[in-house]
Amino acid sequence: MTTKRRPQRSRLSRWGEFAIEMLIRACGISAVVFVFGIFFFVIREGWPFLVGDLNLGEFFGSTQWYPDSMSNKRYGALALIAGTVSVTGLAMLIAVPLGLGAAVYVSEFSHGRQKEALKVVIELLAAIPSVVWGFIGLVVLNPLIIDLFDVPVGLNVLNGALLLALMGVPIIVSIGEDALKAVPDSYREAAEAMGATRWQVTWRVLVPAARNGLLAAVLLGVGRAVGETMAVLMATGHAVNLPTSVFDSVRTMTATVAAELGEAARGSDHYCVLFVLGALLFAISFVVNLTADLAIRGVRRR
Numbered sequence: 163m164t165t166k167r168r169p170q171r172s173r174l175s176r177w178g179e180f181a182i183e184m185l186i187r188a189c190g191i192s193a194v195v196f197v198f199g200i201f202f203f204v205i206r207e208g209w210p211f212l213v214g215d216l217n218l219g220e221f222f223g224s225t226q227w228y229p230d231s232m233s234n235k236r237y238g239a240l241a242l243i244a245g246t247v248s249v250t251g252l253a254m255l256i257a258v259p260l261g262l263g264a265a266v267y268v269s270e271f272s273h274g275r276q277k278e279a280l281k282v283v284i285e286l287l288a289a290i291p292s293v294v295w296g297f298i299g300l301v302v303l304n305p306l307i308i309d310l311f312d313v314p315v316g317l318n319v320l321n322g323a324l325l326l327a328l329m330g331v332p333i334i335v336s337i338g339e340d341a342l343k344a345v346p347d348s349y350r351e352a353a354e355a356m357g358a359t360r361w362q363v364t365w366r367v368l369v370p371a372a373r374n375g376l377l378a379a380v381l382l383g384v385g386r387a388v389g390e391t392m393a394v395l396m397a398t399g400h401a402v403n404l405p406t407s408v409f410d411s412v413r414t415m416t417a418t419v420a421a422e423l424g425e426a427a428r429g430s431d432h433y434c435v436l437f438v439l440g441a442l443l444f445a446i447s448f449v450v451n452l453t454a455d456l457a458i459r460g461v462r463r464r
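Residues 163 to 464 in this note's numbering are what the sequence shown spells out, letter by letter.
Calculated from the structure, these hints are not laboratory results.
Please note that the accuracy of each hint is not assured.
Below, a list of computed lysine to aspartate or glutamate pairs in the DMTMM-like style, where the Cα atoms sit at most 25 Å apart [stated by the list, open to error]:
| no. | residue 1 | residue 2 |
| --- | --- | --- |
| 1 | 281 | 425 |
| 2 | 343 | 455 |
| 3 | 343 | 278 |
| 4 | 281 | 270 |
| 5 | 235 | 207 |
If you anchor each label on the Cβ, the simulated ranges turn out as follows [claimed, not checked]:
| no. | residue 1 | residue 2 | range |
| --- | --- | --- | --- |
| 6 | 224 | 189 | 16 to 26 Å |
| 7 | 274 | 224 | 24 to 34 Å |
| 8 | 181 | 448 | 27 to 37 Å |
| 9 | 181 | 366 | 24 to 34 Å |
| 10 | 277 | 352 | 16 to 26 Å |
| 11 | 232 | 186 | 51 to 61 Å |
| 12 | 214 | 282 | 46 to 56 Å |
| 13 | 282 | 370 | 40 to 50 Å |
A virtual CB, placed ideally from N, CA and C, is assigned to each residue, including glycine.
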C-alpha cells in the first residue's frame with residue numbers, strides 16, 4: 163500500500179509546484195502588462211493632440227494655460243512644470259538630509275525598544291493618506307506660514323514642499339536603512355579594529371559603501387514627490403504662474419490633471435492635453451525609477 167501511494171503523491175506534488183510556479187510567473191508578467199497597458203492608454207487618449215495641434219514651443223515655453231478660452235485656447239505647460247520642479251526640489255532639500263540622517267540613526271545608533279518605536283512611527287507616517295496631509299497643509303501650515311513669515315497667503319511652494327518632505331521621508335528612511343544594513347559587518351569590524359569611533363565608521367566607511375543604495379532611496383523619494391496629487395492640490399494655492407520665491411502659489415502637473423480632467427469634454431483638445439501631461443509625468447517617473455533600479459543593482463553587484 164505504501165509503495166503505491168508514493169508515486170501518486172510525488173505526481174501531485176509536482177503538479178502543485180508546477181501550478182504555483184505558473185501562478186507566480188503569471189503575476190510577474192501581469193505587472194509588466196499592466197504598466198504597458200497604462201502607458202498605451204495614456205498615449206492613446208492624448209494621441210489626437212500629439213499628432214494634431216501640439217506646438218512643442220508653446221507647450222514647453224509658454225506660461226499661458228487657458229484650455230477653456232472660447233476665442234484663444236492656449237496650452238503652455240511651462241508654469242505647471244516649473245511648479246512641479248520647485249515644490250519637488252524644495253521638498254527634497256528638506257527630506258534628503260532628514261531622511262538619510264534618520265536612516266543612519268535607526269540603523270547604527272538606536273537599539274532595542276527605541277529602534278522599534280522609531281520604525282513604528284516611520285511606518286505610521288507612510289500610512290497617512292495624502293488627502294489627510296492636504297488637510298494638514300490647509301488647516302495647520304497655512305495660518306502658521308502666514309503668522310511666521312508675514313505673507314498674505316500660506317498656500318504656496320513652502321507649504322507643499324513641507325508636506326511632500328514629510329511624505330517622502332518614510333521611503334528614504336526605509337530604503338536607506340536597508341542599504342546600510344547590506345554593508346558587510348567585516349567593514350565595521352575592520353574600521354573599529356583600527357580605532358575608528360562609531361561616527362567615523364558611519365561617515366567614512368558605511369555611507370560610502372552604501373552610497374548607491376542611499377542614492378536609490380533619494381530617487382524613490384523624488385518619484386514619490388513628483389507623483390503626489392491631493393496634498394499639493396490643497397496646499398500650493400493652485401495658481402498658474404512661475405514661482406520667484408517659496409511664498410508664491412503654484413500649480414503642479416498632477417494637480418492640474420486631477421482638477422480639470424473631470425470637467426474636460428471627452429475627445430476635446432483640453433481632454434487630450436491633460437493626457438499629454440500624464441504621459442510627461444509617466445516618463446519622468448519612469449526615468450526616476452529606472453535610475454533608482456540601476457543604483458540598487460549596483461549595490462547588489464558589490
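Do the hints match the structure? See the list:
The suggested pairing of residue 281 with residue 425 is violated, with an alpha-carbon distance near 42 Å, which exceeds 25 Å. The suggested pairing of residue 343 with residue 455 holds, with an alpha-carbon distance near 18 Å, which does not exceed 25 Å. Of the supplied pair hints, the one linking residue 343 and residue 278 holds, its CA atoms being roughly 15 Å apart against a limit of 25 Å. Note on residue 281 and residue 270: the hinted pairing holds, with a Cα-Cα distance of about 13 Å set against a maximum of 25 Å.
The straight-line distance between the Cα atoms of residue 235 and residue 207 is roughly 19 Å, inside the 25 Å bound, and the hint therefore holds. At about 44 Å, the beta-carbon gap between residue 224 and residue 189 misses the expected band of 16 to 26 Å. For the hinted restraint 24 to 34 Å between residue 274 and residue 224, the CB-CB distance of approximately 57 Å leaves it violated. The hint said 27 to 37 Å for the Cβ distance between residue 181 and residue 448, and at roughly 33 Å that hint holds.
Taken as a hint, the range 24 to 34 Å is violated for the pair residue 181 and residue 366, whose Cβ atoms sit roughly 51 Å apart. Between residue 277 and residue 352 the Cβ separation comes to about 24 Å, which falls inside the hinted range of 16 to 26 Å. As the Cβ distance of residue 232 to residue 186 is approximately 55 Å, the hint placing it in 51 to 61 Å holds. Distance hint for residue 214 and residue 282: a CB-CB separation of about 53 Å, consistent with the stated range 46 to 56 Å.
Between residue 282 and residue 370 the C-beta distance comes to about 30 Å, which lies outside the given range of 40 to 50 Å.
Figure legend: structure checked against the earlier numbered hints; hints not met, in rising order: 1, 6, 7, 9, 13.
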